[in-house]
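Which chain is which? The protein sequence lines are V and E, in order. Positions 515 to 849 (my numbering) are the ones given, in order, by the first sequence. Positions 515 to 849 (my numbering) are the ones given, in order, by the second sequence.
Just to be clear, a hint being listed does not mean it is correct.
A pair holds if it fits inside one copy or across any two, identical chains being indistinguishable in the list.
[To be verified] Below, a list of computed lysine-lysine pairs in the DSBU-like style, where the Cα atoms sit at most 30 Å apart:
no.	residue 1	residue 2
1	LYS699	LYS782
2	LYS754	LYS705
3	LYS754	LYS731
4	LYS662	LYS561
5	LYS604	LYS678
These are calculated hints, taken from the structure and not from any lab test.
Protein chains: 2
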Amino acid sequence: MKIAVDGMGGDFAPSEIVMGAVEAARTYKVDIVLVGPRGLMESELSKHDCSGLNIEVVHTDQYLLEGEPPAFALRRKPEASVFIATKLVKEGKADAIVSAGPTGGVVAAALYMLGTVSGFTRPVVGGAFLRFAPNTVMLDLGSNVDCKPQELVDFAIVGTVYAKKMLGIENPTIALLSVGAEEGKGNAQAKEAYTLLKNSGLNFIGNVEGYDIPLGKANVIVCDGFVGNIVVKFTEQLGKVICNWLEQELKDHLDRDKLAAITSELLKATNVADFAGGGPLWAVNGVACVAHGRCKAPEFCKAIGQAKLAVEEDWVGTLKLELDAARGKLKIGQS
Amino acid sequence: MKIAVDGMGGDFAPSEIVMGAVEAARTYKVDIVLVGPRGLMESELSKHDCSGLNIEVVHTDQYLLEGEPPAFALRRKPEASVFIATKLVKEGKADAIVSAGPTGGVVAAALYMLGTVSGFTRPVVGGAFLRFAPNTVMLDLGSNVDCKPQELVDFAIVGTVYAKKMLGIENPTIALLSVGAEEGKGNAQAKEAYTLLKNSGLNFIGNVEGYDIPLGKANVIVCDGFVGNIVVKFTEQLGKVICNWLEQELKDHLDRDKLAAITSELLKATNVADFAGGGPLWAVNGVACVAHGRCKAPEFCKAIGQAKLAVEEDWVGTLKLELDAARGKLKIGQS
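Extracted from the complex, chain V is given alone in its bound form (with noise of 0.2 Å):
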């Protein structure tokens, strides 16, 4: 198996990417092709024992920049190296492609050149954000923000297999976020959206609550991503200044190790990235895995790694199976 690598992408590349590509090269017995300018990357590699690896080097010169809009990017720096590594992907030349670059970068060359599984206009992101709940997968978490009533049943698809591959969960319970636990309460979308998850054959176990998304309540929570991505995005702020606010509230109550370990243990527990990692990008037509931007080569190992259990298993077509099964059901529902 080959796993083609961005070089170039993530705030510690390219020393702790290429140190991570070549630690998973050796763990996992894969074949790595390191994109991203030539000098720079043999460089590198000349660091570590590269014995008996299956290391290669594909050239470019362009990468992209944190902050960078990635459509722009994408027609200024058409051979930034995340989109030719991902473009090995789509040419059969590698079977995954991993970066810790920006999230939209890899969005946009997964977009573009691996395109979306039937169904889907573009890639969905989440997963499970929060420690409190770490048995239950959101999303959509931000990629799609204007969603029809049935996409919301393709998100808790996605959530399914999600839940079955990545947390091991045999029969995921799938509940549709709105303001209110019974059927019928919710905006247009989510009543829509109710009706058709009910009738789809799906573990529906109906609406929940903003209350209900740190018990766990369970393991898919389907959502559009507006929602999911302003719910996300406040948790990590938030969880940012409870840790602020207990410093100054504990400083000269608690012993200062215990207080350092407490607000570092709940940084991580609300913010998604620290969390989760990072992950396979869904209903892609191919393996993309973002990993943290702020990795370095342990998890970045780790990233590569689930990119072959994702190949192994056939993510892709697991997931086309299931929606073909759902979309199946939910025709006979409706005749």
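Put chain E on the given structure of chain V with help from the hints.
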């Protein structure tokens, strides 16, 4: 000035409600109409010194219970205390109504008896909901779940009056809740609302993201009630979950009283009802104030004080003027 009080609304009704009303009559020099079963009301009144106070009782046997669907209750219990009390305002027999009963009941009473200000189909609920951002009013928080972009502009105007009158902020800044800071980020609703807000003549500072809510980046944050409701309920539960976690983590490391104080503070800071305690329903054609269901006499007394202020300072008239002014500017901006 005469305030109609729902004598049967609230977890501690009628005793704490009647006590609070007596206190308010003396403190704020207002006349009170207590609505509820006459025997019960008079027996509660007899426990207090009411000399020199103008407190009358309007009898009704019916009252709403927590959890009763309000629309249903309106048909089944047309004589419920909250409806009778609101009717007194409608008929000009009282200047405002205050209830600690179920919010849905107060909303239904206000909607059906007082009606809404032009351009609104439902009352607007909102307020400062996070003590970490005490000068940030967010609205709508659940009353309006399907919003046209223009409604978000209307919420901005309500929020401006709210921040001026209730927080004493002279020229409140207004922001639109979205998924990115730049113009053009967001779903279709947010994009359209952005353009309307930019041309509204209001003190609009652009989009804020989920990250920005706890930082209080704007005095008024507008969103549709679907998003707002989810964020506020999520906040409440996340606060509880973090408190439980802190109790476990710190019980062997921190003085018991200090730990109790910290968790109690954090619960209040993240619980909109505990923090804000209630307030007027906005966009209603009259003054209808919701007090917190768990309030006791001192808080209920304050809620009556707030209702008095709303009448004296003519919040309803101010809102209508601001709406007319903003709509005038919007027309000029569009021409």
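> Which hint numbers does the structure go against, in order from smallest to largest?
Replying inline: 4
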